[in-house]
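Asks: If you read the sequences in order, they're chains A and B. Reminder that position 274 of the first sequence reads as 274 in the working numbering, one-by-one numbering, no gaps. Reminder that position 23 of the second sequence reads as 23 in the working numbering, one-by-one numbering, no gaps.
Rather than coming from a laboratory, the hints here were simulated on the basis of the structure. Be careful, since some hints might not be right.
[Unchecked claim] Calculated pairs, DSBU-like style, for lysine-lysine (alpha carbon to alpha carbon, straight line, at most 35 Å):
{"hint": "1", "chain 1": "B", "residue 1": "K177", "chain 2": "A", "residue 2": "K71"}
{"hint": "2", "chain 1": "A", "residue 1": "K165", "chain 2": "B", "residue 2": "K177"}
{"hint": "3", "chain 1": "A", "residue 1": "K79", "chain 2": "A", "residue 2": "K112"}
{"hint": "4", "chain 1": "A", "residue 1": "K79", "chain 2": "B", "residue 2": "K148"}
{"hint": "5", "chain 1": "B", "residue 1": "K68", "chain 2": "A", "residue 2": "K112"}
{"hint": "6", "chain 1": "A", "residue 1": "K78", "chain 2": "B", "residue 2": "K68"}
{"hint": "7", "chain 1": "A", "residue 1": "K141", "chain 2": "B", "residue 2": "K68"}
{"hint": "8", "chain 1": "A", "residue 1": "K71", "chain 2": "A", "residue 2": "K105"}
Please read these numbers as outputs of a predicted model, since none were measured by experiment.
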Amino acid sequence: MNTILQVERLTHTYSVGTPFQRSAVEDISFAVERGEFLGIIGHTGSGKSTLIQHLNGLLRPTAGRVLLEGKDIWAEPKKIRNVRFQVGLVFQYPEYQLFEETVYKDIAFGPKNQGKTGDALDHAVREAARLVGLRDEHLDKSPFELSGGQKRRVALAGVLAMEPKVLVLDEPTAGLDPAGRENLMANIRDFHRNQGTTILLVSHSMDEIARNANRILVLKSARILMSGTPAEVFARGEELLAAGLDVPQITRVAMALRDRGLPVDPAVYTVEGLEAQLLALKRGGGPC
Amino acid sequence: MLKDITLGQYFPGNTVAHRLDPRTKILLVVLYITALFCAGSFAAYGLMAAVLAVCVRVSRVGLRALVKGLKPVLFIIVFTGLLNLLFTPGEGILWAWGPFHVTETGLRNAAFMVLRIMLLIMGTFLMTYTTSPISLTDGLERLLSGLKRFHVPVHELTMIMSIALRFIPTLIEETDKIMSAQKARGADFESGNLMEKARALVPILVPLFISAFRRADELATAMECRCYHGGEGRTKLHVLQYQRRDYAALTLGVLILAGVIALRACGL
């Protein structure tokens, strides 16, 4: 396999040497393969936000390393900006970072910092806008005239326009209505499928992660609790629930059916998966 | 980072200094500052420093936190010190070079000036360290309530002040977040000349102002929902009442001021 991003024994401690000293991330190691869609879940305060801010060099590790394509990102601290162009990070509620007069100019902020000009810049901006489903007529508007969901798309496009190799999304659908959520996730899915960009998705919503990620990382109290494919992780549903985390709704249904004596495998995380199981049971003449 | 700013920070505690009525503390600071400006000799400044030392000891605020408060004004202190040192005319020239000359009077003035500013700031900081912003504005409102007769909107002004104090940490946190977000888009705040650095602030300031206005709007709505209509007829949850310790502290404060004035009168 082809590793693009590797985190080695990463530790980050806030307020070293004061009574408030506290580790937000402790001894975390994992690797991200090229083209992967990795989901990261964990409670508020489990260290997710601190972890992802290390991936593009916004935070410097207290101990450990972050390797991008095999190179330590802090090998040359002066060139850390180059890392930020390659690992695009979209923060929570990114619409609050918009500042330009027009949507076009705002999306162009990142690629301009990268040094793009002329046709290359124009192409990057239009392509990014298209990817998030913004129409040409939006580009000349002020970002502040748009609706909340559209603003978020503009902010997302602002990062996509840098054409990063890895895209890190921190709760991209937080605060959107269900239709907006599904719409945005569909955009992100399409983007992943068509561009082959590696994506790391941080989310509270198990359903969102289950539906999109190829692999899941579960964080708890600054450490990795589990990692594996959705089937592997949700097979340990009881452990997740014991850790105070959620499982997808359909996994809950499967667990409840199993507790009532049906021979279903609770490691299921899609409606289709459970449907197939139940149909198979019915055909087999089971108690269903 | 930005979070290290200690402006107006409150260190909770339960010492006499914390329990004093906020009005007492404000008055004491006023008395202290008056005394500082009356002081004109090393004896008087020694007394003022001793008074501060005792207050610091009583309040159990770490000296380090107090000294840290001086950091932002370090430049002003050094600047005033040098100005007084190098440009005061007078007898007994010790050293001269071009327009600069150090005189005995200059040396004295510079020392006094630096001491005055340092004591003034540490004294004021001691008050904010031992008084929560809420009770501070509460005290201020009561102290100034006499001005209501002259149609000064005292309650509204102190309400504005307490809201402003309340939102300082929030805004700092917000600035941090916006800075990170723009850095993630390759914004560069470190390099470039002054003009470029000023321009680099636009991507921070615009979102910051927008969010401040949004917050203000939301807060106003929330206050109106709870029927806030200004100070008229508004009662207090905690009614301030002077205790015996407040009278004792105020008496002590007046005595120290009198002492400083007496020292000056004696030509010391």
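Asks: State for each hint whether it applies.
Replies: Evaluation of the provided hints:
no., hint, result
1, K177/B <-> K71/A, "27 Å, holds"
2, K165/A <-> K177/B, "23 Å, holds"
3, K79/A <-> K112/A, "17 Å, holds"
4, K79/A <-> K148/B, "60 Å, violated"
5, K68/B <-> K112/A, "40 Å, violated"
6, K78/A <-> K68/B, "30 Å, holds"
7, K141/A <-> K68/B, "47 Å, violated"
8, K71/A <-> K105/A, "33 Å, holds"
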